[in-house]
Amino acid sequence: MSTYAKKKGFGATLWDFLTTVDHKKIAILYLITGGLFFVVGGLEAMFIRIQLAVPNNDFVSAGLYNEIITMHGTTMIFLAAMPLVFALMNAVMPLQIGARDVAFPFLNSLGFWLFFFGGTFLNLSWFMGGAPDAGWTSYASLALQSEGHGIDFYVLGLQISGLGTLIGGINFLVTIINMRTPGMTYMRMPLFTWSTFVVSALILFAFPPLTVGLTLMMFDRMFGANFFVTAAGGNTIIWEHLFWIFGHPEVYILILPAFGVFSELFATFSRKRLFGYSSMVFATVLIGFLGFMVWAHHMFTVGLGPIANAIFAVATMAIAVPTGIKIFNWIFTMWGGKVRFTTPMLYAVAFIPSFTMGGVTGIMNAAAPADYQYHDSYFVVAHFHYVIVGGVVLGLLAGITFYWPKMFGTMLNETLGKITFWFFLIGFHLTFFIQHFLGLLGMPRRVFTYQKDLGWETSNMISTVGAFLMAVGVLVMVYNIIITSIKNEKVGNDPWGDGRTLEWAISSPPPFYNFKQLPLVRGLDPYWIEKMEGKTEMTPAEPLGDIHMPNGSFLPVTISFGLFVAAFGALFHMDDKAWSIPVIIIGLLITFGSMLIRSVKDDHGFHIHKEDLMDNTDKGGKS
Amino acid sequence: MHAEEKFTDATWPASPEKATLEGKNKYLGFWLFLGGETVLFASLFATYLALKDKVPDDNMALAKDLFELPLTFIATMLLLTSSLTSVYAMYHMKNRDFKKMQSWLLVTVLLGAAFLGLEVYEFNHYVHEFGHTFTSSAFGSSFYTLVGFHGGHVAFGLMWIISLMVRNAKRGLNLYNAPKFYLASLYWHFIDVVWVFIFTVVYLMGMVG
Amino acid sequence: MKKRLQNWRLISLFAIMTLFLAGCGNAQLSALNPAGEVAKTQYDLMVLSTLIMVLVIIVVVILFVIVLFRFRHKKGDDSIPKQVEGSHKLEIIWTTIPILLLIILAVPTVMSTFDLADTKAMDVKDKDGKTKDALVVNVRANLYWWEFEYPDLGIVTSQELVVPTDQKVYFNLKSSDVKHSFWVPSVGGKMDTNVDGTNQFYLEFDNEKSNEAENLFHGKCAELCGPSHALMDFKVKTKTKDEFTAWVKDMQGVKEAVPAKGDVAKQGEEIFAESCIGCHAVTPNDSRPEAARLAPNLSNFGDRDKIAGVLDHTDEELGNWLEDPEKYKPGNKMTGTYGELDEEQISALTEYLMNLKVESK
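Residue numbers (the working numbering), protein chains in the order written: chain A, 1 to 623; chain B, 1001 to 1209; chain C, 2001 to 2361.
Derived from the structure by calculation, the hints contain no laboratory data.
Subject to a maximum C-alpha distance of 35 Å in a straight line, what follows is the list of computed DSBU-like cross-link-like pairs (lysine-lysine):
(1) LYS2040/C x LYS2125/C
(2) LYS1006/B x LYS601/A
(3) LYS2239/C x LYS452/A
(4) LYS338/A x LYS2074/C
(5) LYS610/A x LYS1094/B
A few chain C residues facing chain A, derived, Cβ under 7 Å:
(6) ASN2026
(7) ILE2057
(8) GLN2083
(9) PHE2114
(10) ALA2222
Among the chain B residues that face chain A by a calculated CB cut under 10 Å, a handful are:
(11) HIS1002
(12) GLU1022
(13) ASN1025
(14) PHE1030
(15) LEU1032
(16) LEU1044
(17) ALA1050
(18) ALA1138
(19) PHE1139
(20) PHE1149
(21) ARG1167
Note that the Cβ used here is the ideal one computed from N, Cα and C, for glycine as well.
Start from the sequences and build out the full structure, keeping to the hints where you can.
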């Protein structure tokens, strides 16, 4: 009676995804939504490059261009990179520590839906009078003067999706602290889990300042407050501090999971354990810690004075040390190994020189007086794209390709994957390498056009050509996903053949209750240890018993939807619309009402009985 | 231990809030949440300190003109006492004495409500006597935001405790709701600690100029 | 041997890069063509950091290339490599060497951070409250135009900063609407013009380098400030000390607007007096408060190099600009502040404005 593996119609599947609290399904939701936003952000990037391909271009107008760059940055950071990172964390981390699910399945779902409605709200701005246009940093003096509702969409949309992220961070922390399978000590955790752990801590401490900053801006724009209004005693530099106290750790929130993925990849595809595991852990924690000490290096030209600039310059340089440790450890993981160049490994290998480039220009930026030249020029644009594309995006593409079989039970086509890789990599370097020089030749960032004869034409054209190559790569990837999904050739537990960690000891995709019996971990790379002893699966740490599972719930959707509604009310409150306050109230009622229902309605979950579990095995269905 | 298990006084665990995995998770998760809240309030404090007494016009009231010790001192005492009464409530929860727990929670709620009442009176006073409003100056915005955020937390805490009391009035304690009560009380302590900082940084330091 | 060949290729690649770095770019605009002490300090720091970083990259790339070729998996090889835990010796090496490299970079960084922030000379005032030995310029950034005020000389001008070479010029920087950033790439890094408070820094313009750049440098706004952020350019004209003194004399000599010559210009002057004077001053000694100075001072408009920062300085472009400023600088504050002008009025205004010349050469 395999009631758990019934074929379902579309409606039932949709309802299932709307109410699911299963970390693996939530991972898929994050992946799909993040993927869509990645395409949207990518289109915006293409518009930017088309506009800048030739001087004095009029492909888009000046105002529209500012909306596009703002939405490109905001979308890529908050609505593409973050959810894709969360997709991987959700899909992999609980399996890597042998947990049944995350600590708070309901909150996991709530986190996703908050992100979903926040992101949707932000993007609705395109159809409702214009997108935000003050840059993704939305510096206060410009943001307060911005007409229309663009900035309000930014403030409210990010506020809602930011809440979701914060909830996700707490959830992962508790999961890792409380729900590791027997034998999985901290120093046996895979590096990806470690980076999830550190990243979650960063989220916990970095997002509240953003929340405050966004709240202050919301109060200023919608409710007449004066935080950033200099005429009334306000100060716009407060926004810059709050934004960057969040913004700098955010960079690490994005890059550390990529580091985690690469650590897994280098070990797996070199058939060697990670070189210097404990120093890798130490470096990850140190990077996370230092990430909070350096925010003002984004503000060297603000005029904070030489003392602050000098301190933050030196603190920033310090981050190079743990990052360097990581780079060398990865290289020495491959050293002496048997390196197999699968698609994910290609990304990992290409990551090393690409990210090193981004890292060293980061150190160049840290030299404050030199940064007076780099700051807000194309040099900085090149630098952070080297870090984010050369680090985060390569990491995500690698991670998604690597874990695709674990998430969907089928492999992406390797040949197409390699085509994507080469187009993307070459396109990426072509686009961004030359931009370092554009910056040094005096081209400021965020310019919608430039005059002829300044010596910038050729470089900009090259950059645009590169962007098209990247776009081709992404298109091939989309095609790859479609055809492999149609073919849907099922694979076994360990499709890459050299899996080392727990997630490869379970079927692809795993059953909804994950490990039937919690596995016993006997060291770092637990699955590898068992394999080396000739076993094919993990030794259970407990006898087969009933499994307690949480119930699905629709409430996360309604809680998030309520905030979505209230946000519209707040947005139009500026226009003195009579209906704005009632809409805020209705929205908040939906949210708090749903929370109240959640609070007073007992939800004890359900049990999968031992007999059913045995039943499944007997039928040989590794569902 | 299991959330739906039935207990006698003898089998009731010493830390009912952490006796189940769900409870343990909630307990830890809530502490972490409070860590995030701390950063949130730290940011608000920093903003307040940066904008303290920043007014567009010299005739406007400053911190030293506004704040009076008696009122805020009473408010502080109310909230401190309510924190203490919530400790009593938790003490009785650990002894599985549901009635006493409910009564102490009720006292907590009443004290909290009195605090909120004073705060409303205080804000009203500033607005009408001094023209010190949310929109009158950056100082006003930052003051009402910091203290108001705290007030909002108090209001939310009250709602939370009341709904827990009402919801569980008829069925007593078990391992499913014990963590909920515990977290509500933890939240209440946190609010109290934040207030101590507000009292010091905003009011006491404000009065000396 | 093959490997060594590859390394050589890499090194020569970097050599070419360095060459590219050293002698490139527009002399009026490029940060790689430092034309003054500040830019030179920054450039030296760039070179130092680049060299250190290139060293790091070379090491990484060499190791990387070796790995890629030596440790490939061979078909049919199913052996399990030795599972190495790590190496304390190696780890200590790649922790200490980067620290040493960073110290080499950190020391000059900190020193020049303090050097470049040294504006003490601005505080030394004589008994009239004027700065004693330093030339001070107040820079005020506005939505898409720049005002340059010489407080000790009683001169207000805009869009084109005129400075003497071979001496430090000190700046007070602020903004009157949204945040901008003041940047003359070939002469020195940028400093933000904030809406709250004034920033101070200095630049120095090297005489020789200025001559190479035909005594003209491009200035840019480097902080997103609205639709026309990209068009918020200004120019810096450098003069020798004597030329600068002469220029100051000329400017100070203009007590009243330069009178219009000829009928067409006279007509233009009338239109100007009717529609433009409310915002645009035509005397350099504009004593109105900043808040009243709503638009660029035009007293030496005829001497300038560009119109509105970006258009060529020709009658035709000036006509275009006057006809529809929005088309050339979206979001500017001039659009719609004066009525429709017909062709005749435009050419009259053009004639008048183009003859607003102060320099006596």
